[in-house]
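Student: Per the UniProt record's numbering, the very first residue in the sequence shown carries number 1; after that it's consecutive.
It should be emphasised that the hints constitute simulated quantities derived from the structure, not laboratory data.
Hints may contain errors.
To be verified - In silico EDC-like cross-links for lysine to aspartate or glutamate, where the CA-CA straight-line distance does not exceed 16 Å:
{"#": "1", "residue 1": "Lys465", "residue 2": "Glu437"}
{"#": "2", "residue 1": "Lys284", "residue 2": "Asp198"}
{"#": "3", "residue 1": "Lys284", "residue 2": "Glu347"}
{"#": "4", "residue 1": "Lys324", "residue 2": "Glu447"}
{"#": "5", "residue 1": "Lys434", "residue 2": "Glu422"}
{"#": "6", "residue 1": "Lys144", "residue 2": "Asp218"}
{"#": "7", "residue 1": "Lys330", "residue 2": "Glu476"}
{"#": "8", "residue 1": "Lys434", "residue 2": "Asp414"}
{"#": "9", "residue 1": "Lys478", "residue 2": "Glu347"}
{"#": "10", "residue 1": "Lys465", "residue 2": "Asp198"}
{"#": "11", "residue 1": "Lys434", "residue 2": "Glu461"}
{"#": "12", "residue 1": "Lys434", "residue 2": "Glu447"}
{"#": "13", "residue 1": "Lys465", "residue 2": "Glu422"}
{"#": "14", "residue 1": "Lys152", "residue 2": "Glu347"}
{"#": "15", "residue 1": "Lys330", "residue 2": "Asp218"}
Here the structure is a predicted model, which is why all the values come from computation and not from measurement.
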Amino acid sequence: MSVGWRLTPVGFFRPLFSRLAIFQQRYQYKNKKFPTSQRPQLVSQPGHRFSCFSTMTESTPLYHPESDVEDLEGYRPGGYHPTLIGDTFCDGRYTVVHKLGSGGYSTIWLARDQQLQHYVSLKILVAGASQDTHESEILQLLSKSNLNCPGKQFIPTLLHQFSFDGPNGHHQCLVGVPTGCSVASSKENSTNFMFPPDAARSLAAQLIMGLAYLHSNDVCHGDLHLHNFLLRAPSFNHLSTTELYEHHSKLYEVPVRRLDGKPTAPHAPPRATYPMIWRMPANKVADPEILISDYGTSFIASQTPSPTLHTPALYAPPEEFFNKPIAIPKAADIWTLGVVLYDAVGECPLFETFAWDPDDIIAEMVNTLGDMPARWWAAWANRSEFFNPDGSWISNFQRISTPEFRRLHQRMWDMGRGETPETCQWDVAAGEFKALEDMLRSMMTFEPAERPTAKQLLESEYIVKWAMPAWERQVERKSALTKH
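Starting from the given sequences, assemble the full structure and let the hints guide the process.
Tutor: Structure (structure tokens):
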């Protein structure tokens with residue numbers, strides 16, 4: 001099967017499309033709601049099981065929607081705990097002072113530990129997930145493992161955990177060290193959607209080391225994406241709450257209103273809080289330090305014979321689209337990190353699709369990486385919408401935008417680092433460009449069994465010659481500053 005060349009206007013508009021895709025990602029994540037254990041089949045084949053709304057959020061809407069806060073429809077029995085600034089938890093030990101963020105499973109708050117007099121993060125899980133999650137067990141396992149492994153520093157530390165009852169049910173709360181914004185937010189808030197070249201190299205090293213540590217402990221993350229990679233922020237424990245608002249992020253709230261005009265209590269708070277604004281634009285972050293966060297859907301590979309992935313569709317491995325058991329879950333993490341790394345070290349997502357339609361994504365996989373295994377090609381019911389029997393693009397394309405034929409090599413030049421060897425920010429002459437392409441291509445091999453392990457990636461040419469040295473230079477700079 002060969003994919004034929006097709007002249008289209010997509011290339012002319014790619015800079016605009018790339019930015020639209022970035023902001024579409026933000027919209028997709030802002031509107032993720034509560035996943036259920038059985039994700040619906042959106043198409044007969046391929047049948048990727050996307051995270052979706054639970055029955056409580058699929059019923060009649062209760063609240064006026066608000067942007068940039070948690071999905072207010074989650075304030076129902078089984079959902080979010082209605083939390084307000086000033087609330088206290090664990091017998092008064094933790095006082096909520098700001099919001100750090102939210103997701104489909106939880107809201108995350110900044111709190112002051114009155115015992116130890118420092119700030120902590122409180123991840124309050126939705127009641128419906130509090131009984132089923134293994135996040136605390138996973139974090140405890142990772143904290144007790146090899147103390148000397150370099151990848152351990154990229155894993156969050158669980159400081160404390162407790163549970164409590166609220167109007168929407170029983171909630172588990174995980175206490176951790178506060179971090180800054182996500183890599184996704186940092187890119188979105190920058191002028192060019194990119195980290196400086198050496199910072200990008202360092203990011204790649206950190207992510208590979210972190211994943212290698214997870215896999216060495218038989219842990220599969222299962223939900224790797226840029227919103228789950230958090231940047232460490234400088235300590236602000238010395239600041240009072242008032243100083244925190246003045247120097248970092250003021251407190252902004254919006255009323256929560258029911259559509260029927262009834263009071264929001266007891267299931268929802270009277271006000272929703274906007275998350276803290278971190279001024280960490282990617283183009284200004286010279287020495288990023290990351291944490292791989294959110295282990296709510298992680299699992300022990302050897303103890304989970306048929307795991308369900310919760311990876312966003314754009315980053316999901318091809319085997320997840322064809323209703324097959326994930327036989328090699330660590331290989332699924334490798335594929336996902338390969339797709340994510342392209343975005344992390346460059347400007348925009350690897351696969352271009354506006355609706356995250358599974359067929360569009362599979363077509364982009366073929367467009368980028370070439371022939372997929374025959375068993376998947378034959379099972380893809382809707383491939384005729386994209387390809388002729390000989391594998392060339394169909395001439396009467398009916399979708400929103402006509403795809404342009406671009407293999408991975410061309411997309412490497414389109415990642416925002418320069419379009420010629422003379423202008424490229426990667427060291428083309430010394431082989432960096434090719435080494436990065438080779439590593440990403442190996443991670444995105446269609447056959448799961450043929451993908452490298454995370455440990456093997458640490459020995460790849462790109463990591464050894466460019467990414468790891470960038471990380472080591474960053475460590476040396478930090479050490480020099482500490483001494484002074």
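Student: Hints the structure violates: just list their numbers, smallest first.
Tutor: When the structure is compared with the hints, numbers 7, 9, 12, 13 and 14 turn out to be violated.
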